[in-house]
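Visitor: For reference, the chains in residue letters:
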Amino acid sequence: MPPIVEEIAQLVVNGVMTGTILAVPAIGLTTIYAVLRFPNFALASHATVGAFAGYVANVKLGLPILPAVLCAFLVAGAVGVVSDEAILKPVRPAGFITTAIASIALTIALENVLRFGFGNDLRGYDLPIMRDWRFGPIRVGPQQVENLGIAVAAMAALFTFLAFTRTGKAMRAVADNPMLAGIKGINADVMGRLVNFVGMGLAGLGGMLIGLDTTIDPLTGFRAILSVFAAAVVGGLGSIPGAVVGALTVGVGEELCLLFLSPDYRGAVGFVAILLVLTLRPRGILGQRAY
Amino acid sequence: MENYLIAMAVTAGIYALMALGLNVIWGLAGMVNLGLVGFFAVGAYVTALSTIKLGVPIAMGMALGALAASAVGVFVALITVRLRGDYLAIVTLGFAETIRIVSSNAIWLTNGTDGISGIAGPGRGTLSPAAFNLLYLAVVGAIVAATYVLAERLRASPFGRVLRAIRDDEQVAAVAGKHVFAFKVRAFALGAGALGLAGALYAHYTSYIAPEIFVPLLTLYIKLALLAGGLGNNRGAIVGAFVVVFLLESTRFVIPHVPGISAVQGAALREMMVAALLIVMLRYYPQGLVPERLRIIPPPGSATQA
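Chains as they are written, first to last, in the numbering used here: chain W, 1 to 291; chain H, 1001 to 1306.
Simulated from the structure, these hints should not be mistaken for laboratory data. Owing to the predicted nature of the structure, the values given are computational and were not obtained by experimental measurement. There could be a bad hint or two in this list.
[What the hints assert, rightly or not] Residues from chain W that keep clear of chain H, each with C-beta distances beyond 12 Å, as calculated:
hint : residue
1    : Val5
2    : Arg123
3    : Ile129
4    : Gln143
[As the list claims (entries may be wrong)] If you only want the chain H side, here are some residues facing chain W, beta carbon under 7 Å, derived:
hint : residue
5    : Thr1098
6    : Val1280
7    : Leu1282
[As the list claims (entries may be wrong)] Simulated DEER-style distance windows between Cβ atoms:
hint : chain 1 : residue 1 : chain 2 : residue 2 : range
8    : H       : Leu1135   : W       : Leu127    : 56 to 64 Å
9    : W       : Leu127    : H       : Tyr1284   : 44 to 52 Å
10   : W       : Glu85     : H       : Gly1123   : 49 to 57 Å
C-beta: ideal position from N, C-alpha, C; glycine also.
Throw the hints in and build the complete structure from the sequences for me.
Guide: Right, dumping it as structure tokens:
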């Protein structure tokens, strides 16, 4: 293969990997949006909370990666429920502008709680050093593959939950038509808590997966937030399959841009993707109407 | 100490200008802007680059900064105004982040994270530092006063009435024959222009700008200022800006005396406090401390009972 084709093939492979990881927090965002109907910017700090919870479990308590990932999910989910109940839920009646601003304030507050406890230093997880696997000209890191597996497993679990369990169906009913769901006796408050637990838990899991690839600090989640929102908007805000498709699109797009841009522009590429989609097809690839 | 107080007054003036700009967008037109700091940065960078690289006079550089921010505002509004407000929230936040990413990495243009230093100020170098500070305070004061008068005129004008009507009920405004889309875009452009002008004033005052200055926290300061003064209330926006600067500065003196915390922890505590304050305001005073006074017109028929 000519070198440029090899390079593109490598970038596409990397893009699918980062896209799959990106899909996890993007699903969290879009699920919360589908049920509660506002873009929750606090997702950024919950991703960071998850990354740090996983760090504590992995480095301080010496747990292997898989239980640490579970910790990231549970802690971020629990923080999500508490912070929503205490801070965002009371402001929701004041309208989505107020709620969106409050969610930014919440993100900055949580970030600084972490900064207070852990400082600004970059931290890494305790990972075994392994040689990359080679498939012809394409190189893949074993850790990346493990991350990919975790992301796919998390998504499969969520799909199973939404498609086959009674609670999952109730959650979809609320997203579909809150009034009708209420008439059927589904408690919107309980569903709100549940969707926050699942959504923010996925954000935390995603934050840890992002951190496993690099390092973590109190801004880990905020740095990724543009890509996460890009994934959700490109796929169609509120659509879970859309978030997956959007995340893969954004992931591959961001990697391909590396052909002519430095990796520091990753978030900017996500922003351009948002602008393009809103101009050409505001509902996103698989979403509902956007106006 | 005097210089410190004057510097704080200049900062408060710049925040007041931003709060006035935000008031047009949020208070009058009811649109969200989570990326204030992006427009502020555009104003600052455009004036810094045009005065340094192109040798444009300071006043013209500032006008260019305001115009550029306004033009970007039109662009952002054109893409999102027809969509649900959620998208404006996402795009404005994303815009501010993108400006920060680009200004950190486009080293050939913005000198990256090292920032741009040596931005000229009116009379800096020829005047004594104290005289420069006073002169700058006068300039900022005059601009804030002029913007206040314009903003008040705007609020009372037919244009401002339409904006408030759109804010309260877009459909009713449309039914009354108002071109909602055009009004929103113009409101956003005006507000963004004031934000850009504030950025330009900041750049020429401190003589140094860098991406790390344009963080989301600054956006929260301005929201807090506007809420403290009352949403839709221009005089309140100015008062609120001074209150916020006073609060922020007083923590600077208190926090070093908290025993047993490091500098990083102190900074974190400060940011937590700002965020917590804003959350409390949003929860208990979503319309601000001094809400807009509305003229309540009694419905027809009820006058006979009174």
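Visitor: If a hint holds in the structure, say so; if it doesn't, say that too.
Guide: Hint by hint, here is what the structure shows:
1. Remark: the non-interface label on valine 5(W) is consistent with the geometry, its nearest Cβ contact in chain H lying 28 Å away (cut-off 12 Å).
2. With 12 Å as the threshold on Cβ separation, the claim that arginine 123(W) sits away from chain H holds: the shortest Cβ distance comes to roughly 14 Å.
3. Isoleucine 129(W), annotated as away from the interface, keeps every beta carbon of chain H farther than 12 Å; the closest lies near 30 Å.
4. At roughly 26 Å from the closest C-beta of chain H, the C-beta of glutamine 143(W) stays outside 12 Å, upholding its exclusion from the interface.
5. Given the 7 Å rule on beta carbons, the hint for threonine 1098(H) holds: about 4 Å separates it from the nearest Cβ of chain W.
6. For valine 1280(H), the interface hint is violated, since its Cβ never comes within 7 Å of a Cβ in chain W; the closest pair sits about 10 Å apart.
7. Annotation: leucine 1282(H) was flagged as interfacial toward chain W, and the flag holds, the nearest CB pair being 5 Å apart, inside 7 Å.
8. Evaluation of the 56 to 64 Å hint for leucine 1135(H) and leucine 127(W) yields a pass: the beta carbon distance comes to about 58 Å.
9. A hinted range of 44 to 52 Å for the beta carbons of leucine 127(W) and tyrosine 1284(H) is consistent with their spacing of about 46 Å.
10. Distance hint for glutamate 85(W) and glycine 1123(H): a CB-CB separation of about 55 Å, consistent with the stated range 49 to 57 Å.
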